[in-house]
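Which chain is which? The protein sequence lines are A and B, in order. For the first sequence, my numbering puts the final residue at 588, and the numbers step up evenly by one. For the second sequence, my numbering puts the final residue at 366, and the numbers step up evenly by one.
For the record, the hints were derived by calculation from the structure and aren't laboratory data. Among the hints, a few may not be true.
[Claimed, not checked] Derived contacts from chain B toward chain A, CB cut-off under 7 Å, selection only:
{"no.": "1", "residue": "Ala65"}
{"no.": "2", "residue": "Phe67"}
{"no.": "3", "residue": "Tyr84"}
{"no.": "4", "residue": "Pro87"}
{"no.": "5", "residue": "His88"}
{"no.": "6", "residue": "Val94"}
{"no.": "7", "residue": "Ala100"}
{"no.": "8", "residue": "Phe102"}
{"no.": "9", "residue": "His104"}
{"no.": "10", "residue": "Tyr113"}
{"no.": "11", "residue": "Pro114"}
{"no.": "12", "residue": "Arg116"}
{"no.": "13", "residue": "Met117"}
{"no.": "14", "residue": "Arg118"}
{"no.": "15", "residue": "Gly119"}
[To be verified] Listed below are the simulated DSBU-like cross-link pairs for lysine-lysine, each with C-alpha atoms no more than 35 Å apart in a straight line:
{"no.": "16", "chain 1": "A", "residue 1": "Lys190", "chain 2": "A", "residue 2": "Lys324"}
{"no.": "17", "chain 1": "A", "residue 1": "Lys190", "chain 2": "B", "residue 2": "Lys196"}
{"no.": "18", "chain 1": "B", "residue 1": "Lys74", "chain 2": "A", "residue 2": "Lys190"}
{"no.": "19", "chain 1": "B", "residue 1": "Lys122", "chain 2": "B", "residue 2": "Lys80"}
{"no.": "20", "chain 1": "B", "residue 1": "Lys279", "chain 2": "B", "residue 2": "Lys307"}
{"no.": "21", "chain 1": "B", "residue 1": "Lys335", "chain 2": "B", "residue 2": "Lys258"}
{"no.": "22", "chain 1": "B", "residue 1": "Lys122", "chain 2": "A", "residue 2": "Lys324"}
{"no.": "23", "chain 1": "B", "residue 1": "Lys335", "chain 2": "B", "residue 2": "Lys279"}
{"no.": "24", "chain 1": "B", "residue 1": "Lys279", "chain 2": "A", "residue 2": "Lys191"}
{"no.": "25", "chain 1": "B", "residue 1": "Lys192", "chain 2": "A", "residue 2": "Lys190"}
{"no.": "26", "chain 1": "B", "residue 1": "Lys74", "chain 2": "A", "residue 2": "Lys324"}
{"no.": "27", "chain 1": "B", "residue 1": "Lys196", "chain 2": "B", "residue 2": "Lys279"}
{"no.": "28", "chain 1": "A", "residue 1": "Lys191", "chain 2": "B", "residue 2": "Lys122"}
{"no.": "29", "chain 1": "B", "residue 1": "Lys335", "chain 2": "B", "residue 2": "Lys307"}
{"no.": "30", "chain 1": "B", "residue 1": "Lys182", "chain 2": "A", "residue 2": "Lys191"}
{"no.": "31", "chain 1": "B", "residue 1": "Lys192", "chain 2": "B", "residue 2": "Lys80"}
{"no.": "32", "chain 1": "B", "residue 1": "Lys80", "chain 2": "A", "residue 2": "Lys324"}
{"no.": "33", "chain 1": "B", "residue 1": "Lys196", "chain 2": "B", "residue 2": "Lys182"}
{"no.": "34", "chain 1": "A", "residue 1": "Lys191", "chain 2": "B", "residue 2": "Lys192"}
{"no.": "35", "chain 1": "B", "residue 1": "Lys80", "chain 2": "A", "residue 2": "Lys190"}
{"no.": "36", "chain 1": "A", "residue 1": "Lys191", "chain 2": "B", "residue 2": "Lys196"}
{"no.": "37", "chain 1": "B", "residue 1": "Lys335", "chain 2": "B", "residue 2": "Lys182"}
{"no.": "38", "chain 1": "B", "residue 1": "Lys122", "chain 2": "B", "residue 2": "Lys182"}
{"no.": "39", "chain 1": "B", "residue 1": "Lys122", "chain 2": "A", "residue 2": "Lys190"}
{"no.": "40", "chain 1": "B", "residue 1": "Lys182", "chain 2": "A", "residue 2": "Lys190"}
In this text the structure is predicted, and so the values were computed from the model without any measurement. Every residue gets a Cβ at the ideal spot worked out from N, C-alpha and C, and that includes glycine.
This is what each chain is made of:
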Amino acid sequence: MAGTVISSAVDHSAVVQASSSVRPTRWAWLLLPGTIFLVVLFIVPLAGLLLLSFGVPDWSLANYLRIGDSPAYFIVLRNTLEISLAVTALAFVLGYPIAYALTTGGAGLRTFLLIAVVLPYFTSVLARTFAWVVLLGRNGVVNEILLQLGLTSQPLALLYNRAGVIIGMTHIVMPLMILPMFTVMSGIDKKLLRAARANGASPLAAFLTVFLPLSLPGLIAGILLVFIYCLGFYITPALMGGVSDITITMEISSQVTEQLNWNFASALSVVLLVAVLAILWMGSRFFPIEQLLGFSSGEANSGTASNRQLGTQYLMRIGSAVNKLDRWLPSLGGRSVPILAGVLATLLLLPVLIVAYLSFSDSSYFVFPLPGYSLRNYENYLSDALWIRATFTSIRIALLAAGMATVLGSMLAFGLARGAIPGRGAMVALVLSPIIMPTIIVAVATYFLLAWWGLQGTELGLALGHTVHAIPYVVVIVVANVRNLNPAYERAARSLGAGPWATFRTIIAPLVMPALVVASFFAFLSSFDDVVYVLFLGIGRITTLPMRMWEGIRQDISPTIAAVATLQMTLALIIVVVGELLRRKKHS
Amino acid sequence: MLMRTQSRSSTIASETGGIALQNLQKRYGAFTAVDQVSLSVAPGEFISLLGPSGSGKTTTLMMIAGFEMPSSGKVLVDGKDITYLPPHRRELGVIFQNYALFPHMTTAENVAYPLRMRGMAKAEIETRVRRILDQVHLGALASRYPHQMSGGQQQRVAIARALVFDPPVLLLDEPLGALDRKLREHLRNEIKTLHKEVAKTMIYVTHDQDEALAMSDRVAVMHEGQIRQVSAPQDIYRRPEDLFVAGFVGEVNLVPVKLSSGSIVGPAGENLSAAQCPKGDGDATLCVRPENLHIETATREVSAGIKGHITGTTFVGDATIFELRTEAGLHLTSKVLNITQPKTLPAVGDACIATWHPQDATVLTK
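Sequences are here, hints too, so could you generate the full structure?
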């Protein structure tokens, strides 16, 4: 989902206005409603979580001591760490060639790679996890192929174990790894590589001494984002993991919903939260995180340069050594990287396409290849009152959440882009936090708050939670647009006799409208695809479409889900394409 | 800019650095970017490739540098065929547009880069870097990053980086392209002085005619992938061999004429004269620069010239520009230097005759 977030970071050359002279303008008032909303529904719940973890009102450290004492929880933490590290490393190794080819490849290859990265990205995590459950099962597509090729005599155990979790998670986080790398790489002046070559560097030495060090911030950002995402990942580990692969998020969930031990769940959440914040803090020493999310801080270059100094020197030494060997090294060939990237990107795209293919089966089981084509899965979906009711529930909640998020988020965006206020950095951090923090923590914290208000299990309560999660997307998309809005247009309108309201109506609104529409689409999609909030805030009373898919995947893995997942992907695809068309229309 | 000339490099450079382009061609599908370009550059010569954008000048330079492979033809340096040698083994210094200084390296690291890539010993690198930085007056800025320096300082870093490994040839790709006018003129002089001091062959790509004329030993004017004329700057300006060259370099009045048995007949049947005139009959164009077009008030009878009347005057400081319309409906421009106020300057509406000295006019048939 954070795809637009990262792609809009490309214009980080846009300069923050009036950062030196801090005088609140009237625009700053627009920050008020959104800030209050986020404080009440995001900060207060997290503070509540912290208090609960200390056993308030009886202050104690018992919950934390319990984590330290029991070897079971140590294993949970170790599992989480091991899986996250493995997935991050794999995603990095597999993602780098794609990001590199995405920057340096020919036009045709770049288009294909972009589709292969973006399409899975906007497909819901649930649909992609479902794809892997189907692919990796005992009678799944992968085993089917292996058996038919005679590579194995009996089905391999690929699902409900560590290998399955790692495969599934890696696939899901790949775009998250690739997009920040790509953002930074595409900002590197290709002439620098030519300059290196003209100064005697072989292609490999030029890559090592110039491209690699300059792409380092993107690599660090990608690695951090993915690692943080893995630590707080719930859906895929819960659906694909085995009994021995319990992660911290699954433990939190179990404590909240099964053990009903809120204090202990809070303590676990706080541990996860502290870990995430520590990693973010470390990362921000190398790279301004908010810049990655579309906010530039202006003085990005000065501080980070010295931190990278050491790495650069080291790479210079390697590059110089490589150059001496150049005449003896086999030519790597200009083709190998594009081919590798193409193969990896195909693998990225394949699970999504296979599910779409399987959805047209005429069998009531998953059989590969299809025995015959039919629309029976789609008919099943459309004729099942429960599926349809779930769909309408999802649409209702998503419309409510998208509406609130668009109004509050665009006000925040205008306030942040135009209103110079003291403590702007903290405001940006507050606004962006809901997508960086593990969803499960925010969902659990919000659940405690809603329970306090008696709003748990209501559609309004769920929509409120979704709104918190959707606001950052709206803000990032709209801020990028407002920054490009030349204030001279407004001054011209004022000089021609338009009052403030008329200026807004005739100048600002039409120019910002495409961005608002795109932002509301993505807000809608983020709510429509969510299952984590529903699991906690719905308390079994609300069944949205993803919720029914979730239950379906856990129980019988019926082929109807493939049809639903395919429809969901199509919706995402339409939204991406319409968003892109609106963006182009604005630019033409 | 370089205070002392390195005697060693200058003697070597005067013997090496000759470049020959033989029928270079670069096609992209159906489009021909560079079309049969042949050019010989003598060791130590400063030659400019001048042309509008899309004329193929940068593509030609990139083929010399090794970043573009020609579709056919050869690039020779000192008689050695380097057409298919990868760029890092060509030993040619390149100064890029906007300089392409490595942003993650200091001045000293940027300048040391080519030496490190050549595996030179650390002590030797330090000595060489310090020496060249002193020569370009950047010794004090060795530990600065590119973004902490002015445009002029960045150019010197780029020059130092391209010179430090002592290549016989420097290729310059519109190095002054993105700078403001004042700085351009200043840096233009620096490059010119540099050329005199290091005596290296320089190939300079630009779309700015003033730059090309002011700096070069010879200028090659390019258009639509072809070299239209290669001459000394004075000849490019005074004796264009091609209508495009005449129009692209400086201002020019173009008079459609007919050639018939040795005489030049103007649009209204006037008998005109030009020192450079091809043989043969048919349609042609007579070119004369505005500063060479003189205006006589029509009170006096003049034998050769074109009759017309003044339609406008513009004062531009050092000169006054007169616009006139001939009897045949042709628009001509005359530039008169404001050295002393002439007694009888024509005014708008006055009848006049435009004349020129035959040696200032050229007739072109293409």
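Checklist entry - What are the numbers of the hints that this structure violates, sorted from low to high? => result 3, 24, 27 and 38
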